[in-house]
Amino acid sequence: MNASEGAAESSPELPALCAHDVLSNSDLFYVHFDERGCSVTLGFSRVRGSQGFEFFLRFPDVRDVHVRGWGAPGQKDVHVDRAPDGTVQVSASSDGSSLRFRAADVTLSRTRDFLASSSS
Numbered sequence: 001m002n003a004s005e006g007a008a009e010s011s012p013e014l015p016a017l018c019a020h021d022v023l024s025n026s027d028l029f030y031v032h033f034d035e036r037g038c039s040v041t042l043g044f045s046r047v048r049g050s051q052g053f054e055f056f057l058r059f060p061d062v063r064d065v066h067v068r069g070w071g072a073p074g075q076k077d078v079h080v081d082r083a084p085d086g087t088v089q090v091s092a093s094s095d096g097s098s099l100r101f102r103a104a105d106v107t108l109s110r111t112r113d114f115l116a117s118s119s120s
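Numbered according to the working numbering, the sequence shown spans residues 1 to 120.
Just so you know, these hints were derived from the structure itself, not from any lab. Hints are not guaranteed to be accurate.
What the hints assert, rightly or not - Beta-carbon label-pair distances, calculated as ranges:
#1 S50 with R82: 32 to 40 Å
#2 S97 with D34: 19 to 27 Å
#3 D113 with H32: 37 to 45 Å
#4 R48 with E13: 34 to 42 Å
#5 R68 with S24: 14 to 22 Å
#6 R68 with D21: 34 to 42 Å
#7 Q89 with L115: 29 to 37 Å
Given the structure is predicted, the values throughout are model-derived calculations rather than measurements. The beta carbon of each residue, even a glycine, is placed where N, CA and C say it ideally should be.
Can you build the whole structure from these sequences, using the hints too?
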């Protein structure tokens with residue numbers, strides 16, 4: 001699932017948003033485990049100047065979940081890859097923390113553009 005960073009900004013298509021450079025240069029600010037659907041939803045946010053973009057990736061039928069510690073929201077090293085057996089393998093890590101799991105698929109569940117304040 002590779003695509004250029006620029007493509008993800010102009011048209012939020014799933015393969016572009018799942019690219020390692022897009023995910024790892026976005027803030028992972030939301031992780032939700034839903035036992036009803038055995039799913040995980042990850043929320044990412046990007047800010048460029050005064051423009052912000054937020055998107056949520058939903059992973060259904062999750063299994064083999066491993067969590068070790070968890071740091072504050074922020075940039076993490078995130079990989080979303082399709083395995084030879086068709087499942088999606090996900091990992092997110094930063095110093096002292098990691099999250100790994102496999103899922104049946106990945107869907108883009110929500111996007112949102114927003115105005116961001118400039119930091120001074």
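Do the hints match the structure? See the list:
1. S50 with R82: 32 to 40 Å: Holds - the Cβ-Cβ distance for S50 and R82, about 35 Å, lies within 32 to 40 Å.
2. S97 with D34: 19 to 27 Å: About 21 Å separates the Cβ atoms of S97 and D34, which means 19 to 27 Å holds.
3. D113 with H32: 37 to 45 Å: Cβ of D113 to Cβ of H32: about 21 Å, so the range 37 to 45 Å is violated.
4. R48 with E13: 34 to 42 Å: violated, 18 Å
5. R68 with S24: 14 to 22 Å: holds, 18 Å
6. R68 with D21: 34 to 42 Å: violated, 24 Å
7. Q89 with L115: 29 to 37 Å: Distance hint for Q89, L115 holds at roughly 35 Å.
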